[in-house]
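Using the hints provided, position chain L relative to the given structure of chain D.
Respectively, the protein sequence lines represent chains D and L.
With the numbering used here applied, the first sequence corresponds to residues 1 to 378, in that order.
With the numbering used here applied, the second sequence corresponds to residues 1 to 379, in that order.
The hints are simulated quantities; they were obtained by calculation from the structure and are not laboratory data.
Be careful, since some hints might not be right.
[Stated by the list, open to error] With beta-carbon atoms standing in for the labels, derived distance ranges:
no., chain 1, residue 1, chain 2, residue 2, range
1, L, P114, D, R310, 17 to 25 Å
2, L, A336, D, H72, 28 to 36 Å
3, L, R43, D, L101, 51 to 59 Å
4, L, G173, D, L35, 46 to 54 Å
5, L, S192, D, Q128, 26 to 34 Å
6, L, N366, D, A335, 46 to 54 Å
7, D, P48, L, P114, 50 to 58 Å
8, D, T240, L, G173, 24 to 32 Å
9, D, H72, L, T121, 33 to 41 Å
[Stated by the list, open to error] Which residues of chain D face chain L? A partial, calculated answer using Cβ under 8 Å:
no., residue
10, D66
11, W69
12, H72
13, Q132
14, E135
15, H375
Built from N, CA and C at the ideal position, the CB exists for glycine as well.
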Amino acid sequence: MLLSAATADKLFRTRRIPRAATYVVLGMVFGTSGLNWISPDLAGTWRPFVDVALGAVLFQLGQRLDLMWLRHNKWLAATSLLDAVATFSVVFWVMMLTRMLAVSSALVAIVAVSTSPAVTICLTMEAQSRGQVTERLLLLTGLNTIFTLLLAQVWIGWGHLELANHPFAAVFHPLYVLFGSTLVGLVIAKTYGFLARFLSQRQDVSLAHLALVLVAVQTAYLLKASPFLSLLGAGLVYRTCAKEGTRPRGEYDPLLYPLQAFLFLAVGASISLQGWLVAVPAFALLVISRGLVKIGVALIFSRPSGLALRQGLGLGFGLLPMSALACVLAIDVSALFPAFDSRARLMLLGMIAVFQLVGPPLARLGLGRLSGECHPMQ
Amino acid sequence: MSLAMFSVSEALTLGVELELQLLSKQDYDLTPQAPNVLRHFGRRKMGWDIKPELTSSMIEVSTSIHRGFDSLFSELTEICEHLSTCARFLNIAICGGGAHPFQQWSDQQIFDKPRFREISTRYGYLAKQFTVFGQHVHLGCSDKNEALIVLHQLSRYVPQFIALSASSPFVQGCDTGFDSARLNSVFAFPLSGRAPLVTTWDEFSCFYEKMNAKRIVKSMKDFYWDLRPKPEYGTIELRVCDTPLSMRTAAALAIYLQVLGRYLILEKPFIPSEDLYTVYAFNRFQASRFGKEGVIVDPQTEEHRNIAEDILDTLRRIEAHAIDLRAEKACRIIQAIAIKGNGAEWQRALVQNGTSLPELVRRQANLWTEGGIEKLPEN
Numbered sequence: 001m002l003l004s005a006a007t008a009d010k011l012f013r014t015r016r017i018p019r020a021a022t023y024v025v026l027g028m029v030f031g032t033s034g035l036n037w038i039s040p041d042l043a044g045t046w047r048p049f050v051d052v053a054l055g056a057v058l059f060q061l062g063q064r065l066d067l068m069w070l071r072h073n074k075w076l077a078a079t080s081l082l083d084a085v086a087t088f089s090v091v092f093w094v095m096m097l098t099r100m101l102a103v104s105s106a107l108v109a110i111v112a113v114s115t116s117p118a119v120t121i122c123l124t125m126e127a128q129s130r131g132q133v134t135e136r137l138l139l140l141t142g143l144n145t146i147f148t149l150l151l152a153q154v155w156i157g158w159g160h161l162e163l164a165n166h167p168f169a170a171v172f173h174p175l176y177v178l179f180g181s182t183l184v185g186l187v188i189a190k191t192y193g194f195l196a197r198f199l200s201q202r203q204d205v206s207l208a209h210l211a212l213v214l215v216a217v218q219t220a221y222l223l224k225a226s227p228f229l230s231l232l233g234a235g236l237v238y239r240t241c242a243k244e245g246t247r248p249r250g251e252y253d254p255l256l257y258p259l260q261a262f263l264f265l266a267v268g269a270s271i272s273l274q275g276w277l278v279a280v281p282a283f284a285l286l287v288i289s290r291g292l293v294k295i296g297v298a299l300i301f302s303r304p305s306g307l308a309l310r311q312g313l314g315l316g317f318g319l320l321p322m323s324a325l326a327c328v329l330a331i332d333v334s335a336l337f338p339a340f341d342s343r344a345r346l347m348l349l350g351m352i353a354v355f356q357l358v359g360p361p362l363a364r365l366g367l368g369r370l371s372g373e374c375h376p377m378q
Numbered sequence: 001m002s003l004a005m006f007s008v009s010e011a012l013t014l015g016v017e018l019e020l021q022l023l024s025k026q027d028y029d030l031t032p033q034a035p036n037v038l039r040h041f042g043r044r045k046m047g048w049d050i051k052p053e054l055t056s057s058m059i060e061v062s063t064s065i066h067r068g069f070d071s072l073f074s075e076l077t078e079i080c081e082h083l084s085t086c087a088r089f090l091n092i093a094i095c096g097g098g099a100h101p102f103q104q105w106s107d108q109q110i111f112d113k114p115r116f117r118e119i120s121t122r123y124g125y126l127a128k129q130f131t132v133f134g135q136h137v138h139l140g141c142s143d144k145n146e147a148l149i150v151l152h153q154l155s156r157y158v159p160q161f162i163a164l165s166a167s168s169p170f171v172q173g174c175d176t177g178f179d180s181a182r183l184n185s186v187f188a189f190p191l192s193g194r195a196p197l198v199t200t201w202d203e204f205s206c207f208y209e210k211m212n213a214k215r216i217v218k219s220m221k222d223f224y225w226d227l228r229p230k231p232e233y234g235t236i237e238l239r240v241c242d243t244p245l246s247m248r249t250a251a252a253l254a255i256y257l258q259v260l261g262r263y264l265i266l267e268k269p270f271i272p273s274e275d276l277y278t279v280y281a282f283n284r285f286q287a288s289r290f291g292k293e294g295v296i297v298d299p300q301t302e303e304h305r306n307i308a309e310d311i312l313d314t315l316r317r318i319e320a321h322a323i324d325l326r327a328e329k330a331c332r333i334i335q336a337i338a339i340k341g342n343g344a345e346w347q348r349a350l351v352q353n354g355t356s357l358p359e360l361v362r363r364q365a366n367l368w369t370e371g372g373i374e375k376l377p378e379n
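Just chain D, same shape as in the assembly (with noise of 0.2 Å):
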């Protein structure tokens, strides 16, 4: 992390490469498909702290979501339902055309649809963009956290249908884990809602946030239900629900500068290259598809819904990366259902890997050269 730290800041001030880059590529230099000197385990001792890690930050983008924007601008509502579907749709038809399982091409659509919550976070963090593409992704990003993380409980059901055969499992299962997610959201919101009127100073926001995270935590692993959810509603309900003038205003938690470089290079550790290069030309076809798909959908809704063609662009380069969200999703999945297509998994990963790769520099590229929104100094 010292090592990554220098390099970041270093290649971020003289060629003004994503950090959320550097991280990764750093994390697969000496990680599993490198040097191997770390080789984090996320389903297994890592696991608790990437869950806290991308708590905390889905927690604090649930703060960020403005969902009254969709009722006053109908096109950014059809922009974001669009994306979602037309990204499973494509997604889940080249996956059917390379011969995989339905259950397993649909688990790789719903995957698709995500938009790494980190990246956007840290992007908009470190380039300290301000505007309406940067507003809007942080929008989009959450809705697609919400669309995947929900469609993946739906997913979790069919699978005990098709690869365990526990129908009861998959009625229940996804149902309890909404409503004990939902729960641990609704206490942490109250909380927070509580806390809130007593923080004014951002290190003791920073202190609160941290506590409700691994609080959020703890009682997700003891419920069994989702941290992801929990704290990305929790955070939502305390936006939504909060008496204006009680919120406390401002800037990103510091706090999520070392927990989101943590991630990236845990993340970018986990991967391995191998196996998944073998299916080249299916894998070429499934990153094109959502590529294209994500930022034709953003350009097609630009001009309705109130944008030039160029922040259209940009706003759909930002919607590309994935990363811990998608990466976690995919081991989840595979250790809950070890029948799971080892060769869609293969393809799976290898997308994550891509956009985690090229996803941030896109996405600068989207927030910088083509809307305009970094801060002058950065």
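Just chain L, lined up with the frame of chain D:
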């Protein structure tokens, strides 16, 4: 560019320009969304106009020509409704006030337009520091020489307008102690301050040509005077007001200028002389520093008097003109501000009661959108 001919306009007609703040609804800091707002309105034909300003977190709206309070206020309300719809569509907020209380000047972006780029090159960081928000009022004049005389006579009342509109006590997160700190940003420009005391258009043209020949100015826009003639419109332009926190105050200030203009044209209470400007800088400072509690020196009587008292005294003198122009409503608003307090006092009282600066800006945005009027919180 040579000086434009002074277009004759109907005497005492009015036009108002308001510079407004564009805010992020996340943290209520300024957000550089002027290009998005301007794109939203596109080439729509409206009676009023919307234009970019020096930095991308500002927009300027200007009304059509008006003769009285009701029509002016009605158009300002219409502008506000259109802007509110646009703001909801883009998920931003819009508010009045002379300065944003906690924006950092270095965060601002110069709007991408040749004239603004040139200003940025010429004035360096002053350009970004000029992210302040004013109300400009144009008063129609039927005669170019009379326009210059009224311009200089009005300089006597500049402190009143500063005190009435003052709404910029906080800058870069701190209480400046000024009611209108915005004027300090304007004063940094070399061509700011007062116009030279010339009372005929020929003399003024001569002055302009000299400045133009020396390549100090290219157009009238390069003068940042408190009061300046606008020959293209056939008006004189009052530029000292902070953008008030509510539209009602903005309309009332414009009408107050109209009534004063009528009083000066018809009654000719004094002849402009250099005496007016002997006390000008002192009075101007008192108004921007202390608002209506400032103490000014009357240039004719040399008497020291409180600005609030001066406003109330002026309102009594011009009452007949207010009745003739049906401007009683506007004068009552001016009277209420002189007695109860200006926007800066409202802002300061809220912050002293524990309101954070982002929350203050949110309330300013509500005040602007809902068309209310600032009421001082009760202690």
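Here is what the structure says about each hint:
1. P114/L / R310/D: 17 to 25 Å: Given range 17 to 25 Å: holds, Cβ gap about 20 Å.
2. A336/L / H72/D: 28 to 36 Å: 34 Å Cβ-Cβ, so the 28 to 36 Å window holds.
3. R43/L / L101/D: 51 to 59 Å: 54 Å Cβ-Cβ, so the 51 to 59 Å window holds.
4. G173/L / L35/D: 46 to 54 Å: At roughly 48 Å between Cβ atoms, L35/D and G173/L fall inside 46 to 54 Å, so the hint holds.
5. S192/L / Q128/D: 26 to 34 Å: The hint (26 to 34 Å, Cβ to Cβ) holds, given that S192/L and Q128/D are roughly 32 Å apart.
6. N366/L / A335/D: 46 to 54 Å: 50 Å, holds
7. P48/D / P114/L: 50 to 58 Å: 57 Å, holds
8. T240/D / G173/L: 24 to 32 Å: 28 Å, holds
9. H72/D / T121/L: 33 to 41 Å: 39 Å, holds
10. D66: Holds, because the Cβ-Cβ distance from D66/D to chain L comes to roughly 6 Å (cut-off 8 Å).
11. W69: At 4 Å from the nearest chain L Cβ, W69/D passes the 8 Å test, so the hint holds.
12. H72: Hint holds; H72/D Cβ to chain L Cβ min 4 Å, cut 8 Å.
13. Q132: Hint on Q132/D: holds, closest Cβ of chain L at ~5 Å, below 8 Å.
14. E135: It holds, given that the least Cβ distance between E135/D and chain L is near 6 Å, below 8 Å.
15. H375: This interface hint holds because 6 Å falls under the 8 Å limit.
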